[in-house]
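4 protein chains.
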Amino acid sequence: MEVAIIGGTGYGAVELLRFLHNHPHVQVKRIISHSNSGTALAGFYPHLTEVIDMEMSTLDTDRLAQEVELVFFATPSNVSKHHIPSLVDKGVRCIDLSGDFRLRDGEQYYSYYGEEIASADYIEKAVYGLAEINRSQIKDADILANPGCYPTATTLGLIPAMEKDLVDRSSIIIDAKTGVSGAGRGLSQNVHFSEMNENFRAYKIGEHKHIPEMEQTLTETANEPVQIVFTPHIVPMTRGIMSTIYVDLKDSYTTKYVVDMYQAYYQEDRFVRVRKEGVFPSTKEVYGSNYCDIGLYADERTGKLIIVSVIDNLVKGAAGQAIQNMNIMYGWEEKTGLDQLPIYP
Amino acid sequence: MEVAIIGGTGYGAVELLRFLHNHPHVQVKRIISHSNSGTALAGFYPHLTEVIDMEMSTLDTDRLAQEVELVFFATPSNVSKHHIPSLVDKGVRCIDLSGDFRLRDGEQYYSYYGEEIASADYIEKAVYGLAEINRSQIKDADILANPGCYPTATTLGLIPAMEKDLVDRSSIIIDAKTGVSGAGRGLSQNVHFSEMNENFRAYKIGEHKHIPEMEQTLTETANEPVQIVFTPHIVPMTRGIMSTIYVDLKDSYTTKYVVDMYQAYYQEDRFVRVRKEGVFPSTKEVYGSNYCDIGLYADERTGKLIIVSVIDNLVKGAAGQAIQNMNIMYGWEEKTGLDQLPIYP
Amino acid sequence: MEVAIIGGTGYGAVELLRFLHNHPHVQVKRIISHSNSGTALAGFYPHLTEVIDMEMSTLDTDRLAQEVELVFFATPSNVSKHHIPSLVDKGVRCIDLSGDFRLRDGEQYYSYYGEEIASADYIEKAVYGLAEINRSQIKDADILANPGCYPTATTLGLIPAMEKDLVDRSSIIIDAKTGVSGAGRGLSQNVHFSEMNENFRAYKIGEHKHIPEMEQTLTETANEPVQIVFTPHIVPMTRGIMSTIYVDLKDSYTTKYVVDMYQAYYQEDRFVRVRKEGVFPSTKEVYGSNYCDIGLYADERTGKLIIVSVIDNLVKGAAGQAIQNMNIMYGWEEKTGLDQLPIYP
Amino acid sequence: MEVAIIGGTGYGAVELLRFLHNHPHVQVKRIISHSNSGTALAGFYPHLTEVIDMEMSTLDTDRLAQEVELVFFATPSNVSKHHIPSLVDKGVRCIDLSGDFRLRDGEQYYSYYGEEIASADYIEKAVYGLAEINRSQIKDADILANPGCYPTATTLGLIPAMEKDLVDRSSIIIDAKTGVSGAGRGLSQNVHFSEMNENFRAYKIGEHKHIPEMEQTLTETANEPVQIVFTPHIVPMTRGIMSTIYVDLKDSYTTKYVVDMYQAYYQEDRFVRVRKEGVFPSTKEVYGSNYCDIGLYADERTGKLIIVSVIDNLVKGAAGQAIQNMNIMYGWEEKTGLDQLPIYP
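Residue numbers (the numbering used here), protein chains in the order written: chain A, 654 to 998; chain B, 654 to 998; chain C, 654 to 998; chain D, 654 to 998.
In short, the hints are calculated from the structure, not lab data.
Incorrect hints may have been included.
Just so you know, same-sequence chains aren't split out, so a pair can sit in one copy or run between any two.
Unchecked claim - With a straight-line cut-off of 25 angstroms between C-alpha atoms, the simulated DSS-like cross-links for lysine-lysine are: (1) Lys792 <-> Lys909; (2) Lys778 <-> Lys792; (3) Lys988 <-> Lys929; (4) Lys903 <-> Lys778; (5) Lys988 <-> Lys682; (6) Lys682 <-> Lys862; (7) Lys817 <-> Lys862; (8) Lys909 <-> Lys857; (9) Lys862 <-> Lys929; (10) Lys988 <-> Lys909; (11) Lys857 <-> Lys929; (12) Lys909 <-> Lys743; (13) Lys682 <-> Lys857; (14) Lys862 <-> Lys909; (15) Lys903 <-> Lys743; (16) Lys743 <-> Lys929; (17) Lys778 <-> Lys909; (18) Lys929 <-> Lys909.
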């Protein structure tokens, strides 16, 4: 099958290439970068020298529709919404790594993304690609809204406890930490090496655009409105996200009870690994891989459940989950092309 | 004035030396390391070559009592309690950077430190050296229990809101992050470079020995029992602590209101800097210095107050605050020897 | 084909497992760790949870000979020499990632490794597995001495210039830099995070045991004795080696001439990529992959050729090259199991 | 004494402020930043909050001449040359941290700095401020050309051996490594955190503008033309430079002999510390301080002298040496304001 990647000079695109390189059913036909068309991708990413020998081109939806069956959008916010409708109309399925098709509520979209949401017909078509939770809908998606990095780690950590009604939905506090690659390849003082190295900072407190995305998912899970407190932080490392989640237990469950429940919940999910009692995953344990690893602690003293959920933000939080979704969409084994061990150390 | 430092090969001792080197009233007469007596300190710390030309010696309280007026203990847990009573009896004042004299409750001490607490008479004598809060008692202390690193960042961040009764004392959640030097100089797999670099991990969830220390301080502030949820994490950097604190506001205070109140509260405190609305400190902004910098966010959506408090764990969280306390104990200006800008970048 | 790995808790073994996991022809039957037999590997390496579900066992050469065709030794120095002879006698082929069978000269071995060399018969049998150079001999090797990390980067960088007689063999200076994982998983003050982070150091100047290994290879290439100056340094990062090599050009060759020659030399070698004029590889461009990337600069001002050669020390410098050698030994395509892109960023 | 700093938002300026904050004889009257005049410095550098409460202003040499005795230029290349002549004419002494007044040869300046050199009269007036070597001339300098970071580490490492005629001047190879702050505060892909972290790269091979600066100094030392091979590299850390220098010994000197000679040479120089035989300094051992630490190895096998010289690039390689030069120019003790221990760990 032939596919295209739009947003060719970003980290999302490069990570898609890394996994598609080992995917037996897919070939990348075209890499698109508006601002760098005509230049070789390996000029931007010398690690691809002699391996990915492609020039980037401009976006031409007609041509794309003839050439490929599937398009990945690894673009900034407010780009894919202008192109996906026309591609879908031409029969091309789209997987969107950006946030354009994740939210259903236009007002929220406007307030967090600063522009109008895509037109309602296409928003309705879009399926939210949290793979472990939405498999059945993903299968037939024409527009696949690939979840954000924080929402992936966080909602995979929270959903079992919420579905099984162990926790108070009004008490959710999420303290999240990301590696710097989450900020993308664009330059800014904040992620200048000399100022980010040996530094730890909080940012966008109370304002991050992943807040409505997580609330939307959790509200659907709970069948009633859920509000969260969410504070993202940036860690002096390149890859990895940890969500540390605090939520009130409704009853005096033991850690063992909660661990057993989570392990049962994710038993069939190859890419979610629930650690046993007393063990918590660190971000390096999923480095470069599509795993989401979860540790749990029921604090008897305070009645809180503490959930530690880690992913590689560029893999399970972006390109890896996109390929997992593609595999589901095309009926391939879910791990196809993704069956790599974390790189350690 | 002549002083001694016990625990000579640890990071606390070395950081004390760094600041005392620029202190006009104090000279380090003796550095004590039980296991390395007779060897030069610069052999362990080559950065001191040609500057600190001292051999370490064994601990002899009689000799110390003749030689020095003040002793700093920069020792592991359960060491200072065996020596401070006899030194104090001999008229030597002691500043203890370890946790031996911080807790008043023997049972809690036993449960978190694994041994019996020091004898009651001396525990009673001990003053908890949270400098900005306890100045008047610190002045006359013979045993100064220097606060732990997490408690310093956390309680300085929480106390104004609690004293002014803005927040619900039963709702405190503390998500804390430390640089690796907090783990000391002892070797362990967890802080082996290859496994800690590009890694972020939670540890001792619900079990850290700073929990009772913070609860003791906050209980005194609140005049009623306070329980906290506390999760420490370790960041791939050497220095710095951030405490991100979540607590319910009792009323709909604005961020501006809270910021103004905090700035007024710490107006006279040179080493606490409250950032203006919308600005949050990062750990690098206090690197190598004795500052505690605080940022505040009142989340109108959820009614939470989010407090971001940062220190250098080895300075305001250890050696710097110890010297600040010494300055108070001897009536010197509080900033003496500590008036250094953060090192940036 | 079934294989065993000896030295199960080291980084070499874990990296072998990562690549063998994707190797279509090989299955790891047994992982051996003398000191940890009976315990699960995933207890030491939680990133393997639910993927590599094996207990480690003791070394029993009789049992091994029945179970497997090939054994990888990822052991410290002076271990494999005690076991490889008996395995080979039993018909098991061995790939040794340690240095025990690399040197031919017993005196040199003794002087750099501190013990007697293996017995002469087996040293004679051993083939030095610098894959790009020795393919024809590797094919039939029963004892494959997998090259050291520094020698791999360095000799691949030097051999073309020496074979084509462009450079003065008496003028070789190698300034090498390694990531910290080269020091292995063993704890030491030097690689304690707090002291290695934000630090750069030289070590074992003039004394590193890779010196005789490089001299042996270069002497064979030159057909006359070659002596080198070699200074290794350690970089505050986990993976990657760069060898910066200085050597006198015999004539006034241009950079373009040298680049063309190198590109021709390595034309058939998938895992060596020679950068075009004016471009130099950085270590991250080979991160996690089996590539050796080379950049060249002919300094007209001084008549020096400067060669920059980078590898991932744990891959092309250890486990990756070992698998490449296995592929050659068994007649499989050289890239089998190794066809992964570098992980970037 | 009142001084001004020009180039207020760069790292050089901020580091000057850090040391001048503790200087008893100097007050910073004005901080100048062309592009940010009218804004508070602490807005750019929040670590200065409540400590350095100054707005930046435009450059007005008349006003400066009335206000201050001394001006520090911490500007990019090709700026100070336009302003220093007029300031000096008005009786203001200038210390220039940029390269504008370091080279004497206009052609070389043009070829490495891409513009015309300053006018000859002022170039002649300029004194090269390698403090340990040029004290007597520095004393009376009106224009002090503060040395570059690489030249400081390198020439302090080489000069004793060259002055004492131990080494062959035609054989000098310098393999240098710098922390990222050497690239300044300007943004670029190369020093974007995600791409510089866990990465090591060589850059500007054979083309760095510090080459003519070092050759000029070494030529003066040798009294005959000296050419060097110089390869700079960038290390994933913020601060620190190591120069590893290779040079042929003229005779079979032992390491001990060379160490003794160096220690004698720098006996009176507080800021140069020569390590004893077998010990080599790492960059962290001078972190944040004005020291230059040197280790030596005479390789009997190959007849090479290997010199390891480390500094903090922002201190001894920039702001610290500038203040040391100021102290010499005004007859103050050389360590005034600089007497701080390295920060470790």
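(request) At 25 angstroms max between alpha carbons, let me know whether lysine 792 reaches lysine 909 within a copy, between copies, both or neither. (result) neither (34 angstroms within a copy, 49 angstroms between copies)
(message) Treating 25 angstroms as the Cα threshold, decide for lysine 988 and lysine 682: within, between, both or neither.
(response) both (22 angstroms within a copy, 23 angstroms between copies)
(message) For lysine 682 and lysine 862, with the copy left unspecified, which applies at a CA distance of at most 25 angstroms: within, between, both, or neither?
(response) Classified as neither: same-chain Cα gap 32 angstroms, cross-chain 44 angstroms, threshold 25 angstroms.
(message) Within a copy, between copies, both or neither: which one fits lysine 903 and lysine 778 at a CA-CA cutoff of 25 angstroms?
(response) neither (36 angstroms within a copy, 43 angstroms between copies)
(request) Go through the copies and call it for lysine 817 and lysine 862: within, between, both or neither, with a Cα cutoff of 25 angstroms. (result) For lysine 817 and lysine 862, neither the intra-copy (27 angstroms) nor the inter-copy (33 angstroms) Cα distance is at most 25 angstroms.
(message) With identical chains, the pair lysine 929 and lysine 909 could be close in the same copy or across copies; at 25 angstroms between alpha carbons, which is it: within, between, both, or neither?
(response) within (8 angstroms within a copy, 44 angstroms between copies)
(request) Since the copies are identical, ignore which copy is meant and state whether lysine 682 and lysine 857 lie within 25 angstroms (CA to CA) inside a copy, between copies, both or neither. (result) neither (38 angstroms within a copy, 36 angstroms between copies)
(request) Have a look at lysine 909 and lysine 743 and pick one of within, between, both or neither, based on CA distance no larger than 25 angstroms. (result) The answer is neither: 51 angstroms in one copy and 49 angstroms across copies each exceed 25 angstroms.
(message) Please sort lysine 778 with lysine 792 into within, between, both or neither, judging by C-alpha distance up to 25 angstroms.
(response) Classified as within: same-chain Cα gap 13 angstroms, cross-chain 57 angstroms, threshold 25 angstroms.
(message) If the cut is 25 angstroms between Cα atoms, do lysine 903 and lysine 743 qualify within a copy, between copies, both or neither?
(response) neither (50 angstroms within a copy, 56 angstroms between copies)
(message) At most 25 angstroms between CA atoms: does that hold for lysine 988 and lysine 929 within a copy, between copies, both, or neither?
(response) within (23 angstroms within a copy, 37 angstroms between copies)
(message) Within, between, both or neither: how does the pair lysine 743, lysine 929 come out at a Cα-Cα threshold of 25 angstroms?
(response) Result: close neither inside a copy nor across copies, 48 angstroms intra and 42 angstroms inter.
The structure fails to meet hints 1, 4, 6, 7, 10, 12, 13, 15, 16 and 17 from the earlier list, while all remaining hints are met.
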